[in-house]
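Taking the hints into account, I'd like the entire structure generated from these sequences.
Here the protein sequences come in this chain order: A and B. Each residue of the first sequence is one higher than the one before, starting from 1 at the first, in this note's numbering. Each residue of the second sequence is one higher than the one before, starting from 1 at the first, in this note's numbering.
Derived by calculation from the structure, the hints in this document are not laboratory data. C-beta atoms are modelled at their ideal positions from N, C-alpha and C, and glycine is treated no differently. Check the hints yourself; a few may be wrong.
[As the list claims (entries may be wrong)] Listed next, the stretches of chain A that the computed footprint assigns to chain B, with coverage defined by at least 3 CB atoms under 8 Å from CB atoms of chain B:
1. 33-45
2. 120-129
3. 194-205
4. 277-283
[Stated by the list, open to error] Pairs of lysine-lysine residues, derived as BS3-like cross-links and limited to a Cα-Cα distance of at most 30 Å, are as follows:
5. K231(B) - K63(A)
6. K46(B) - K160(B)
7. K63(A) - K204(B)
8. K450(B) - K411(B)
9. K352(B) - K64(A)
10. K455(B) - K285(A)
11. K352(B) - K142(B)
12. K60(A) - K231(B)
13. K546(B) - K285(A)
14. K46(B) - K285(A)
15. K64(A) - K231(B)
16. K546(B) - K60(A)
17. K400(B) - K285(A)
18. K450(B) - K352(B)
19. K450(B) - K400(B)
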Amino acid sequence: METAVKLGFSLAGIIIMLFLPPYLDGIARRVKARLQYRRGPPLSQTWYDLRKLFGMPSVKPTKKALFTWAPYIALASAISAALLLPYGNVVPVDFGYNLVVFFYVVLMVSVFLMLAGLTVQNAFSHLGSAREMQVILTVEPLIAILYGVLAYNSGSLDLYTIMTGLHLTPSLVLTYILLAYALYVESGFVPFDIAEAEQEVIGGPLSEYSGRLLGVFYYAIYIKRFALLWFFISLLTLPWIGPIGTPEKAALVLALQFVLTVAFYPIIAALEATNARLRIDHVVKMNTRAFFAGLIILAMAFMGW
Amino acid sequence: MVNTKDLEAHFEFECKACENGRCAKADVNSILSERKGLRDFYEAFKEHIKGCKRMTYGQYQFVIDREVLPEAVLWWHNHPEFKETHLSTAVGTDERPLNGHFVYMPFLNVQVEFANEPENYWVFLRTYLLADDPSFPSVAEKLPAALWIEREVKDLLGFKPVNHPDPRRLILPEDWPEGVYPLRKDMDYRHSPITEPKVEFKEKPEDTTLVPMGPAHMGIEEPAHFRLFVKGEEIVDVDYRGFYSHRGIEKTGEGRLTYNQVLFLAERICGICGYQHSVSYAMAVERLADVDIPDRARYIRTLLLELERIHNHLLWVGIAAHMVGYDTGFMHAWRIREPVMWLVERLTGNRKQYGMNIVGGVRRDILDYRKEEILKVVKQIREGTKTFLDVALNTNTFIKRAEGVGILPYKVAKAYSVLGPTARASGRKIDVRKDQAVKTATAYNEIDFKVPVYKEGDVLARVLVRMDELFESLWMVEQLIDQMPGGDIMVPIGKLPEYEEALGFTEAHRGEVVHYVMTGEKNKVYRWKVRAPTYNNLPAVPEMLKGYHVADAPLIIASIDPCYSCTERVQFVDVNTGKVKVLTEAEFNELSIKYKGVF
Chain A
1 METAVKLGFS
11 LAGIIIMLFL
21 PPYLDGIARR
31 VKARLQYRRG
41 PPLSQTWYDL
51 RKLFGMPSVK
61 PTKKALFTWA
71 PYIALASAIS
81 AALLLPYGNV
91 VPVDFGYNLV
101 VFFYVVLMVS
111 VFLMLAGLTV
121 QNAFSHLGSA
131 REMQVILTVE
141 PLIAILYGVL
151 AYNSGSLDLY
161 TIMTGLHLTP
171 SLVLTYILLA
181 YALYVESGFV
191 PFDIAEAEQE
201 VIGGPLSEYS
211 GRLLGVFYYA
221 IYIKRFALLW
231 FFISLLTLPW
241 IGPIGTPEKA
251 ALVLALQFVL
261 TVAFYPIIAA
271 LEATNARLRI
281 DHVVKMNTRA
291 FFAGLIILAM
301 AFMGW
Chain B
1 MVNTKDLEAH
11 FEFECKACEN
21 GRCAKADVNS
31 ILSERKGLRD
41 FYEAFKEHIK
51 GCKRMTYGQY
61 QFVIDREVLP
71 EAVLWWHNHP
81 EFKETHLSTA
91 VGTDERPLNG
101 HFVYMPFLNV
111 QVEFANEPEN
121 YWVFLRTYLL
131 ADDPSFPSVA
141 EKLPAALWIE
151 REVKDLLGFK
161 PVNHPDPRRL
171 ILPEDWPEGV
181 YPLRKDMDYR
191 HSPITEPKVE
201 FKEKPEDTTL
211 VPMGPAHMGI
221 EEPAHFRLFV
231 KGEEIVDVDY
241 RGFYSHRGIE
251 KTGEGRLTYN
261 QVLFLAERIC
271 GICGYQHSVS
281 YAMAVERLAD
291 VDIPDRARYI
301 RTLLLELERI
311 HNHLLWVGIA
321 AHMVGYDTGF
331 MHAWRIREPV
341 MWLVERLTGN
351 RKQYGMNIVG
361 GVRRDILDYR
371 KEEILKVVKQ
381 IREGTKTFLD
391 VALNTNTFIK
401 RAEGVGILPY
411 KVAKAYSVLG
421 PTARASGRKI
431 DVRKDQAVKT
441 ATAYNEIDFK
451 VPVYKEGDVL
461 ARVLVRMDEL
471 FESLWMVEQL
481 IDQMPGGDIM
491 VPIGKLPEYE
501 EALGFTEAHR
511 GEVVHYVMTG
521 EKNKVYRWKV
531 RAPTYNNLPA
541 VPEMLKGYHV
551 ADAPLIIASI
561 DPCYSCTERV
571 QFVDVNTGKV
581 KVLTEAEFNE
591 LSIKYKGVF
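Given below as structure tokens:
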């Protein structure tokens, strides 16, 4: 019985993780359109776009295998990241020390995006990759520190244990705030979509991609964004709702996670719509400041605050 | 009614007829005392001045020796008293059929005092070049404003600017053969020879990477090729190659069109400031024909010019927002702009390319009941723009991107003869609407408006200058509606005098537009020279780009509101079946060479 429930929740998680992300993007497009007094595309538009891209062959400007493999590896990384997260009280793939793995696979999406840009002879791809690299190099240490605070706070490196074992301290509240910023940057929303800036570097690492491979990359990015948001939502909800003993409660929790994820996306879209893109040096500066703030939070956490 | 006679257009000031063609024997005293600075110039270059005349009100021409051309241009450009005097552009003319010489004629906008219309004037420095040796000393080394001008006459007429620092090809395409000069009179305008392409790009500085922006790039709406040499993300040097969409409009106008047909061609030079070109050209021809334009026509023209400025500035601020990824600003700016387009469509029949002008007036009257509609739209735009600015200027990230970026210092702006809002954002106090006598064609002299000037010289200053101008334009439209006089809207033009010259000019949204017209026989145009403001602004862009990020490049380029005037493809629509066929490149080339039935 228990394994069946577990299987059911895993399946629900997999379905959510595979199908929801493009709809989330659809929501964002609709919200942005409303803010710009436009009608906006249907919610499934991103799915239509992806379907179209999947159906088209890719033009390959290079013979390097990485060019072809990078989108698939990125997609695999993004999917693994999403599978490490709890859906209700079930984590589909659970090997322990999940936090480290989660950090690593999320990073892989960016890394392969960056490497893909470097496989082609295109100044814009290289510029975009260089920017992606600078963003990663400055935001990942910050995220690592914040994860450290979480791990220290809960005394575990396992994602689900962390989420159920957190206790409220001032440092945790600050961690939440800074984590929201860090995950937003990592997701590459405006004003942090610097690597793929269309007007400046024509899509950056993606500029040589087309057809199916481009579609796979987009899909990977949507799933990565979803995973980061789901992670944050889970951190926000799971610690404070008590132990989840029954499947009914787990289902309720899953519903709550789902609703909150969908509800957060319009906020992100509104932020995107009301901002101009920053420059890479602005972001590096901001991330560095945030990193030092993170160090202070870590120190606070060690002091037990 | 402003009478051109009041403007003393008939005043006898010609010493072409005097002995030896030298001014010294004519009654120069009365001539040279007309405006400040003329006598000083005459005294300074007495030995080399071979003749002089007044072309029309406020436009003086000296015939000088080519040896002293650089000194003469610099004398005016760097005049210690007339601070904002600038080299407007130069005209090259093939006058071999007339007198066996080529003519190279730089001209300057002399600003004796800002907004002092009766005092300011234009100075033309005409030099005759030998038919077998059309060389002249270059001034470009000391005056960057002349860089493109001299390369242009080199390309199109085969003149040789001696000691030009950058004698590469500017306008003609790479596959155009050497030694074929399209603007010479012995060249048929249908002739289009092609050879192997030869590309001349600037050498890449050491330790830099090349980032080619263009010819097709998301951040540049039209074909232009900026080659950015970067270290990391910082721009070290820039090379520019443009004119990919050069259409040879001047040659077409000189070919076989009558002066009224050229007017409609002039309107098609630009998709945004078409009416400015149209008015400028009409003004030049009206000066030549020496007619008085009815007041109502002048008011209608001014009204449309200002409406055009309003929609252009809104369009531009939208593009600027789009360039930094602020798409909400982009969408809203264009939403606010749209009613202007609808309004203009009601007034003229067209959203763009109004087709309202005709030499001697306008073609349609503004019906009285439409006035209310205009005022309604003006009110709507004012409120919409205020809200928009409130939001946009409080968007931190947008300000962060615009402030302190792409700085153009005053000195550089002056050296490059930068015009319009770009110049005014760098502290240049110039505006042809107030500076020069535009009153023969438009009604700017009878309405009240301010000219905003900022000193910062960055992109934000350019945004603010344009937005201030927008509000001024709205205010001007209201005044024009209030003061609109009755009466005729056009006056017929008789025969044009032969081989006379005049300049028409307006302050377009990007800076001063000048149209130089020299009449030929039988109401044809012998030489028509158009200079859009982007021609002066664009050479300064590399200066603005240096030292900033690649990320800033699209915004900086867009900040001068560049307009490359492009028409890129031809498509045939079969009206019976509705089939559309777009020509391939090969078909297009064949058509442009062989097809003779169109004109």
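30 Å limit on alpha-carbon distance, applied to hinted pair K400(B) and K285(A)
Roughly 13 Å separates the two Cα atoms, so the pair holds.
With a cut-off of 30 Å on the C-alpha distance, tell me whether K450(B) and K400(B) pass.
holds, 28 Å
Does the structure keep K546(B) and K285(A) at a Cα separation of 30 Å or less?
The hint holds at about 22 Å.
For the pair supplied as a hint, K450(B) and K411(B), confirm whether the alpha-carbon distance does not exceed 30 Å.
It holds: about 24 Å lies between the C-alpha atoms, which stays within 30 Å.
So if I understand the rule, the pair passes when the alpha-carbon distance is 30 Å or less; does K546(B) with K60(A) pass?
violated, 34 Å
Test coverage of the stretch 194-205 of chain A by chain B using CB-CB distances below 8 Å; three residues minimum.
Holds: 7 residues of the stretch 194-205 of chain A have a Cβ under 8 Å from chain B.
Sort out whether K231(B) lies within 30 Å of K64(A), counting only the CA atoms.
holds, 27 Å
Measure nothing beyond the straight line between the CA atoms of K450(B) and K352(B); if it is 30 Å or shorter, mark the hint as holding.
holds, 27 Å
Could you grab the alpha-carbon distance between K352(B) and K64(A) and see if it respects the 30 Å cut-off?
Outside the cut-off at roughly 50 Å; violated.
Within 30 Å, alpha carbon to alpha carbon, are K46(B) and K160(B)?
holds, 26 Å
K63(A) paired with K204(B) [C-alpha distance capped at 30 Å]
holds, 28 Å
Taking 8 Å as the C-beta cutoff, is the stated coverage of the stretch 120-129 of chain A by chain B satisfied by three or more residues?
Answer holds; 4 residues pass the 8 Å Cβ test.
Going through the hint list in order, the structure does not satisfy hints 9, 11, 14, 16.
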